[in-house]
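Going down the list, the protein sequences come from chains A and B. In the working numbering, each residue carries its 1-based index in the first sequence increased by 623. In the working numbering, each residue carries its 1-based index in the second sequence increased by 132.
Read the hints as simulated data drawn from the structure, not as lab findings. Note that the Cβ used here is the ideal one computed from N, Cα and C, for glycine as well. It is possible that some hints are incorrect.
[As the list claims (entries may be wrong)] Anything over 10 Å on all C-beta distances counts as not near chain A; from chain B, calculated:
1) N142
2) A201
3) A202
4) K226
5) F245
6) T522
[What the hints assert, rightly or not] Taking CB as the label site, the calculated pair distances span:
7) E772/A to I455/B: 55 to 61 Å
8) D847/A to V504/B: 36 to 42 Å
9) V649/A to V566/B: 36 to 42 Å
10) G743/A to V566/B: 36 to 42 Å
11) S562/B to D699/A: 54 to 60 Å
12) V504/B to A801/A: 26 to 32 Å
13) R148/B to A801/A: 28 to 34 Å
14) D705/A to V467/B: 37 to 43 Å
15) S805/A to H597/B: 45 to 51 Å
16) F140/B to L742/A: 21 to 27 Å
Read off the chains here:
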Amino acid sequence: MSAPSTVPVVRLSSVVKTYRAGAVDVPAIKGISFDIPRQRFSMIVGPSGSGKTTLLNLIGCIDKPTSGTVFVGEQDIGALRDNTISDFRAQRVGFIFQNFSLIPVLSAWENIEYPLMLLGVPAQERRERTTKMLEAVGLKDQWRQRPNELSGGQKQRVAIARALVKGPDFVLADEPTANLDSQTGASIVDLMRRMQEECETTFIFSTHDQHLMSHADETFTIRDGQLVEHTSGGRIC
Amino acid sequence: MLILKIAFRNIFRNTRRSLTTLSTIAIGAAAVLVFGAYVTYIAYGVETNAVQRTGHFQVFRNGYFNFGAAAPGAWGMDNYENVLKLIKSDADLKPLSAVVTPIQSLSGIAGNFESNTSKTFFGVGFVPSERDHMKQWNEYGTGSQGLRRSGLKDDDFSEGITGIGLVRILGLCDRLHLDDCPKAPHVPDGAEGAAESAPSVDLGELSERDKSAWAQSDSEPTIDLLAATAGGAPNVVSLQIKRVELQPLKELDDNYIGMNIALAQNLIYGRGEHKTTGIVVQLNRTEDMKSARARLLSLFKEHNLDLELRDFTELNPQYNQIIALFGSIFSFISVIIGIVVLFTVTNTMGMSVIERTGEIGTTRAMGVRRQVIRCQFLVEGALLGVIGATVGVGLAYLAAYGINHSTLTWTPPGQAAPIPLRLYMAGAYSLIAVTWTGLLAVSALAALIPANRAAKMAVVDALRHV
């Protein structure tokens with residue numbers, strides 16, 4: 624394993640996010656600042672409505688802060704235009720969703736290959752990387768099946784493979800075990816942990832799952848849009 | 133390629149909705165094509181009818197077309213046989229021409245003096261065999277039977293054909309044993325007085341004078357034709373009615389007489405130099421009109437001939453009217469169908485965007501650009517158009533096959549006799565291409581609004597959509 628860069632994968636600085644509901648401003652994030660280190664299993668935890676998903680959206684470059692800055696690596700994502708930020712996500716961010724969000728008209732193979740096609744990876748290399756990833760998540764025999772022919776656990780495995788196949792800087796996983804039974808959820812957590820180590824990448828979770836939280840290298844606890852606790856390697860910072 | 137694959141699979145994701153949309157497009161395409169094929173058939177039929185009657189071109193003495201109808205004799209073409217020979221022997225025109233023949237227009241009074249009736253007439257003199265040859269023109273195979281063979285002979289100058297209306301007015305229905313040709317119930321008041329006030333020309337005597345020149349058959353009635361000669365003197369000839377023929381317009385039916393050109397020339401020019409009002413040029417193919425026209429005009433210029441050239445669209449004003457009428461109906465129907473397809477596809481694509489909002493959010497999060505999302509839905513709309521229009525073309529061919537093998541007939545405008553109903557799909561490639569492309573464009577256009585809506589979605593909102 625190579626030594627991780629000292630530059631955090633994500634740096635939040637005085638980030639504020641306010642939504643407009645009719646004539647009322649609703650603050651979701653109230654000036655949060657923290658760094659997420661590389662090649663770690665980082666968890667953003669907190670009760671419902673605390674701002675976890677909003678924070679994850681900002682980190683994933685699919686939303687922009689009302690004020691403050693979000694750095695991914697050394698890139699201020701607030702300064703990027705729409706197409707640039709789309710390309711940035713395509714290259715550097717992987718997503719795993721609670722409801723799997725696979726493309727229903729594509730097979731397991733095609734869903735995993737899709738991000739590589741967006742990046743214009745040559746066909747031969749796509750084939751190799753997709754095959755490798757399918758084997759890694761244990762779905763070698765299900766490659767032709769469409770999402771509606773897969774179980775919840777298999778769908779999430781495809782989603783994990785899809786997120787990792789392009790070799791992103793980090794993977795964002797929003798409640799990845801919420802729609803799975805505990806046994807399947809545990810196996811998915813184990814898989815993600817293994818893949819994180821094998822791929823030397825960073826996982827950032829939003830979760831309530833105690834089993835998942837037990838694997839955390841870093842835990843950021845959010846309440847009412849504010850960071851209330853940061854635990855690193857079991858130590859409270 | 134990926135966009136196309138996803139688009140194709142998404143079309144069949146909601147099978148019932150897609151089939152409804154595709155059916156609308158297919159039926160629309162088939163309706164446009166079937167009606168277009170029908171219009172094409174009508175256009176070909178009307179053209180065939182016109183070319184059979186008047187040829188592709190007629191050559192006149194300059195000014196005749198606009199001013200010569202009142203006195204055809206005065207506008208006769210000098211040395212027409214030389215002009216005829218010039219056209220027939222031209223190396224460029226020879227392979228293009230089917231028939232080159234003279235005609236003589238005339239008007240006057242037709243009289244049946246056995247029953248003391250008379251009627252103004254409009255006549256055409258022609259070479260019967262060449263006229264019959266002209267009627268064989270059938271470039272498009274429309275099977276137009278609007279003109280039958282005249283039944284006249286080149287060497288028999290005494291016979292002619294008339295409209296049914298004319299013989300009815302002249303009281304010859306019984307003699308000709310015609311059905312649906314009633315006798316006049318009584319002589320209208322004042323008609324006798326009118327006869328008494330007619331010019332004091334003894335038509336019976338004039339007729340008797342010329343009758344001996346022409347052979348007569350007891351079985352076929354003879355009428356006398358009075359006309360002013362080119363010099364202005366009255367002249368009379370006798371005409372044996374060989375056949376009567378219903379003309380497409382009542383006015384024409386009440387006035388028409390066709391005869392051997394020699395008889396017409398004898399009536400108009402008497403013993404003077406025989407001229408002709410026009411020379412008909414019928415080509416083998418309509419598409420040669422441009423080159424034939426250029427060559428004819430060049431010939432006239434080279435030989436210093438003061439002649440004018442008119443094509444069949446000028447000689448048959450109803451041709452353009454019929455084409456324009458059916459063209460406007462076709463356009464109207466096409467626009468209506470286009471609007472129906474537009475709204476159907478818009479609705480389908482709108483539903484698709486709503487259903488796939490989460491998917492749009494996912495793909496945007498994965499890094500798909502807005503314009504790619506827009507393109508995805510446009511391609512899906514266009515694909516609906518492609519599939520629907522292609523099925524529509526197949527349906528149109530099936531419909532055409534069914535109709536063309538049925539025994540349906542109809543009577544086109546400007547014709548007297550019914551002809552088989554046909555749909556001209558074979559060879560209508562431009563019609564098919566325009567309809568197919570048009571429906572594709574309409575379908576893609578219909579998807580534009582839903583596609584823009586999809587492209588403009590905020591990623592976060594789309595992901596939150598349930």
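Against the structure, the hints:
| no. | hint | in the structure |
| --- | --- | --- |
| 1 | N142 | 6 Å, violated |
| 2 | A201 | 72 Å, holds |
| 3 | A202 | 77 Å, holds |
| 4 | K226 | 63 Å, holds |
| 5 | F245 | 90 Å, holds |
| 6 | T522 | 21 Å, holds |
| 7 | E772/A to I455/B: 55 to 61 Å | 58 Å, holds |
| 8 | D847/A to V504/B: 36 to 42 Å | 38 Å, holds |
| 9 | V649/A to V566/B: 36 to 42 Å | 55 Å, violated |
| 10 | G743/A to V566/B: 36 to 42 Å | 37 Å, holds |
| 11 | S562/B to D699/A: 54 to 60 Å | 58 Å, holds |
| 12 | V504/B to A801/A: 26 to 32 Å | 30 Å, holds |
| 13 | R148/B to A801/A: 28 to 34 Å | 33 Å, holds |
| 14 | D705/A to V467/B: 37 to 43 Å | 38 Å, holds |
| 15 | S805/A to H597/B: 45 to 51 Å | 28 Å, violated |
| 16 | F140/B to L742/A: 21 to 27 Å | 23 Å, holds |
Going down the numbered hints, you'll see the structure goes against 1, 9, 15, while the others check out.
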